[in-house]
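> Chains A and B, in that order, give the protein sequences. Just so we're aligned: 468 in my numbering is position 468 of the first sequence, and the numbers increase by one with no gaps anywhere. Just so we're aligned: 48 in my numbering is position 48 of the second sequence, and the numbers increase by one with no gaps anywhere.
One thing to keep in mind: the hints can contain errors.
Covered stretches of chain B, as calculated for chain A (at least 3 residues, CB under 8 Å) [as the list claims (entries may be wrong)]:
(1) 85–92
(2) 95–107
Derived Cβ-Cβ restraints for the label pairs, each shown as a range [claimed, not checked]:
(3) GLY483(A) to PRO33(B): 30 to 38 Å
(4) PRO117(B) to VAL352(A): 46 to 54 Å
(5) PRO115(B) to ALA495(A): 54 to 62 Å
(6) PRO33(B) to ALA195(A): 36 to 44 Å
(7) ARG63(B) to VAL326(A): 32 to 40 Å
(8) GLU23(A) to PRO117(B): 38 to 46 Å
(9) ARG63(B) to ASP303(A): 24 to 32 Å
(10) PRO115(B) to GLY354(A): 30 to 38 Å
(11) LYS440(A) to GLN65(B): 48 to 56 Å
Hints are computed from structural coordinates only; laboratory data are not their basis. No residue lacks a Cβ here, since even glycine has one placed at the ideal position from N, Cα and C.
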Amino acid sequence: MADIPLPRGFTAAKMSQAQKAFEAALGADKVFFTDLDRTAYEDKFAIDDARHHPAGAIAPTSVEEVQAAVKIANQFRLPLWPISRGKNLGYGTSAPELAGSVVLDLSRMKRIEFDEANGVVTLEPGVGFYDLYDYLQQHKLPFWLSTPGNSWGSVIGNALDRGVGYTPYGENTKNFCGMEVVLPTGEVVRTGMGAFSNAPTWGLYPFGFGPAWDQMFVQSNFGIVTKANMWLMPEPESLMGMDVEYDKPEDIKAMIDTIGPLRRERVLQQSPSIGNWLRAAAVLTRRTDWTDKPGALGDDVIDAIRKKFAIGWWGVSLRLYGREGVNKAAYTILENAMNAIKPLSIKPTSWVKGQPMEYSGWTGTPMTFPMQNINWYGGRGGHIGFSPLLPQDGTAALAQFKRTYARYKEYGMDYQGSFAFGERHLINVNAMIFNKDDPKMMSRIDPFFRQLVADAKAQGYGEYRTHLDYMDLVATTYDWNGGALRKLNEKVKNALDPNGILAPGKSGIWPTNYAGERKA
Amino acid sequence: MSRFAIAALAALGLASVAMAQGMPKPTTLVDRPSATGGEKLYVEHCAMCHGPNGMGTGLLGRRVQPALLEQRSGLAAQYVIMAARRGIGNMPPITRGEVSDADLKQIADYLAAGPHPSPSGAAK
Chain A
1 MADIPLPRGF
11 TAAKMSQAQK
21 AFEAALGADK
31 VFFTDLDRTA
41 YEDKFAIDDA
51 RHHPAGAIAP
61 TSVEEVQAAV
71 KIANQFRLPL
81 WPISRGKNLG
91 YGTSAPELAG
101 SVVLDLSRMK
111 RIEFDEANGV
121 VTLEPGVGFY
131 DLYDYLQQHK
141 LPFWLSTPGN
151 SWGSVIGNAL
161 DRGVGYTPYG
171 ENTKNFCGME
181 VVLPTGEVVR
191 TGMGAFSNAP
201 TWGLYPFGFG
211 PAWDQMFVQS
221 NFGIVTKANM
231 WLMPEPESLM
241 GMDVEYDKPE
251 DIKAMIDTIG
261 PLRRERVLQQ
271 SPSIGNWLRA
281 AAVLTRRTDW
291 TDKPGALGDD
301 VIDAIRKKFA
311 IGWWGVSLRL
321 YGREGVNKAA
331 YTILENAMNA
341 IKPLSIKPTS
351 WVKGQPMEYS
361 GWTGTPMTFP
371 MQNINWYGGR
381 GGHIGFSPLL
391 PQDGTAALAQ
401 FKRTYARYKE
411 YGMDYQGSFA
421 FGERHLINVN
431 AMIFNKDDPK
441 MMSRIDPFFR
451 QLVADAKAQG
461 YGEYRTHLDY
471 MDLVATTYDW
481 NGGALRKLNE
491 KVKNALDPNG
501 ILAPGKSGIW
511 PTNYAGERKA
Chain B
1 MSRFAIAALA
11 ALGLASVAMA
21 QGMPKPTTLV
31 DRPSATGGEK
41 LYVEHCAMCH
51 GPNGMGTGLL
61 GRRVQPALLE
71 QRSGLAAQYV
81 IMAARRGIGN
91 MPPITRGEVS
101 DADLKQIADY
111 LAAGPHPSPS
121 GAAK
């Protein structure tokens with residue numbers, strides 16, 4: 001049997017005692033401490049396979065069992081790492097930041113309740129996008145999801161990490177309306193109107209009375225979300241839009257300066273994502289289909305890819321949701337605006353209720369096929385993303401693209417970039433696809449990532465979300481006033497979690513007893 | 001270009017296509033009203049990747065046919081269990097928290113009894 005990874009100050013005997021305590025509280029069938037279990041909970045897309053190994057995992061099935069697990073963790077001073085379904089591929093999957101933590105796997109908590117009159121669903125963390133999609137159809141509920149490119153994971157887990165979808169409800173974390181949370185000391189709280197006994201408005205009014213805490217439990221280690229209300233989009237009467245292609249890399253400036261005002265004005269209410277040619281090629285083909293040359297793809301290969309798929313250097317899909325008459329009027333505005341900046345092509349799409357449906361992210365259909373991109377280089381594939389936040393400014397975005405594209409060439413990596421709109425911001429997602437069986441390539445990933453963080457920091461751009469390896473690094477870039485925000489986060493952390501048992505290191509937030517584990 | 005490829009491009013927001021040409025509908029339990037036992041568990045836990053528009057189907061289709069696991073013959077139950085628990089190729093391991101040993105055995109036995117060209121209750 002391999003050595004069990006242990007947190008600092010732990011012994012194998014003490015871990016064995018903790019395991020027995022979990023088995024007594026939850027039952028042996030919810031406690032997983034074999035070598036194979038530990039391997040299964042590691043990060044499938046790890047850049048460094050030696051990091052983030054858990055000691056084991058437990059899978060409670062009720063809030064009472066979560067409380068029991070938290071009580072044991074406090075008794076043993078044992079760090080827990082909560083996951084919803086553990087499908088956060090590219091950000092750490094199910095693995096903990098701190099090696100030796102026990103994964104608190106909530107994937108067996110799968111209850112769904114639905115308030116059809118108000119379009120509010122109450123979910124436990126184990127409910128995946130496919131589960132909820134199925135539930136809506138089983139009960140013939142006229143609502144659409146907001147699904148990410150990898151919809152294997154948890155609905156509320158995705159929103160808790162600020163994942164995004166492509167409909168008007170695409171900023172998923174904004175759809176929270178009240179949570180149930182187990183605090184690190186074991187108490188259960190409900191946020192918003194959930195604090196008011198028997199209030200019929202828990203899922204309707206997100207703020208309650210006094211401070212509103214939902215976002216405090218997002219990307220944090222302040223509590224374990226065991227239940228959350230989320231708003232779903234009513235099925236629209238009409239869906240219209242267009243797929244638009246542009247020819248040159250420099251066209252990104254005009255695209256952003258054209259789409260941004262329409263988004264801010266809310267003519268466009270969904271969150272479009274401008275992407276380059278590799279987004280198609282990496283999903284549908286392998287690199288060896290195009291070239292055997294090392295280094296970043298040359299313009300000759302890029303031209304061949306574009307020709308085969310009849311796409312531009314950049315492409316974007318714009319969609320309008322709602323009443324047909326309104327959509328038709330808005331479509332004319334979009335068409336005129338996009339034509340004014342000379343696209344390669346504009347292809348309209350149109351759907352009204354009752355017609356055959358497009359099964360894509362635009363209709364909130366769950367999907368996993370975009371993850372086929374990890375086979376681009378062959379071998380055991382994976383990816384991480386570097387995703388800084390930018391203003392909706394074409395000149396700034398073009399400059400950021402040029403800097404980043406030059407770095408991809410310098411490090412010999414194929415460029416997969418996109419600019420995803422929020423209402424006032426852009427998320428510039430730069431995917432790094434890799435082959436874990438290519439040691440030379442893998443040795444370039446970490447310095448490449450760190451270079452991109454430094455480049456972006458110099459421009460004032462910070463990441464919105466990151467892989468376990470870089471949580472401390474990214475946290476250090478949020479440095480205003482001597483890192484005052486991190487100091488506040490850790491003051492809150494120490495107050496709520498005096499034994500430091502809950503997800504130490506998440507988002508660069510370390511409790512005092514593990515402060516020595518911080519990396520940069 | 002294949003119809004799947006065109007539809008996939010559309011779904012990725014990178015090319016246009018008439019909606020009628022779109023991706024196949026994901027398979028979930030509502031499409032298999034008569035499914036029980038291993039088949040039901042397979043649809044619940046595996047079909048998102050190994051259904052008609054799943055990542056697993058897409059990648060397996062590059063090197064083996066049929067790409068849909070339910071249509072395969074000669075899948076040994078123990079092999080299915082090992083592949084699920086350890087991961088294989090680009091497939092991540094499936095943890096015991098997500099799928100218990102008892103449920104995985106039922107799934108493996110169902111696949112080992114394949115091929116299942118017309119699964120029970122499936123929309124024809």
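> Take the hints in turn and mark each one as holding or not.
Hints, verified against the model:
{"no.": "1", "hint": "85–92", "in the structure": "holds (count 6)"}
{"no.": "2", "hint": "95–107", "in the structure": "holds (count 5)"}
{"no.": "3", "hint": "GLY483(A) to PRO33(B): 30 to 38 Å", "in the structure": "56 Å, violated"}
{"no.": "4", "hint": "PRO117(B) to VAL352(A): 46 to 54 Å", "in the structure": "35 Å, violated"}
{"no.": "5", "hint": "PRO115(B) to ALA495(A): 54 to 62 Å", "in the structure": "59 Å, holds"}
{"no.": "6", "hint": "PRO33(B) to ALA195(A): 36 to 44 Å", "in the structure": "41 Å, holds"}
{"no.": "7", "hint": "ARG63(B) to VAL326(A): 32 to 40 Å", "in the structure": "48 Å, violated"}
{"no.": "8", "hint": "GLU23(A) to PRO117(B): 38 to 46 Å", "in the structure": "43 Å, holds"}
{"no.": "9", "hint": "ARG63(B) to ASP303(A): 24 to 32 Å", "in the structure": "28 Å, holds"}
{"no.": "10", "hint": "PRO115(B) to GLY354(A): 30 to 38 Å", "in the structure": "36 Å, holds"}
{"no.": "11", "hint": "LYS440(A) to GLN65(B): 48 to 56 Å", "in the structure": "33 Å, violated"}
Going down the numbered hints, you'll see the structure goes against 3, 4, 7 and 11, while the others check out.
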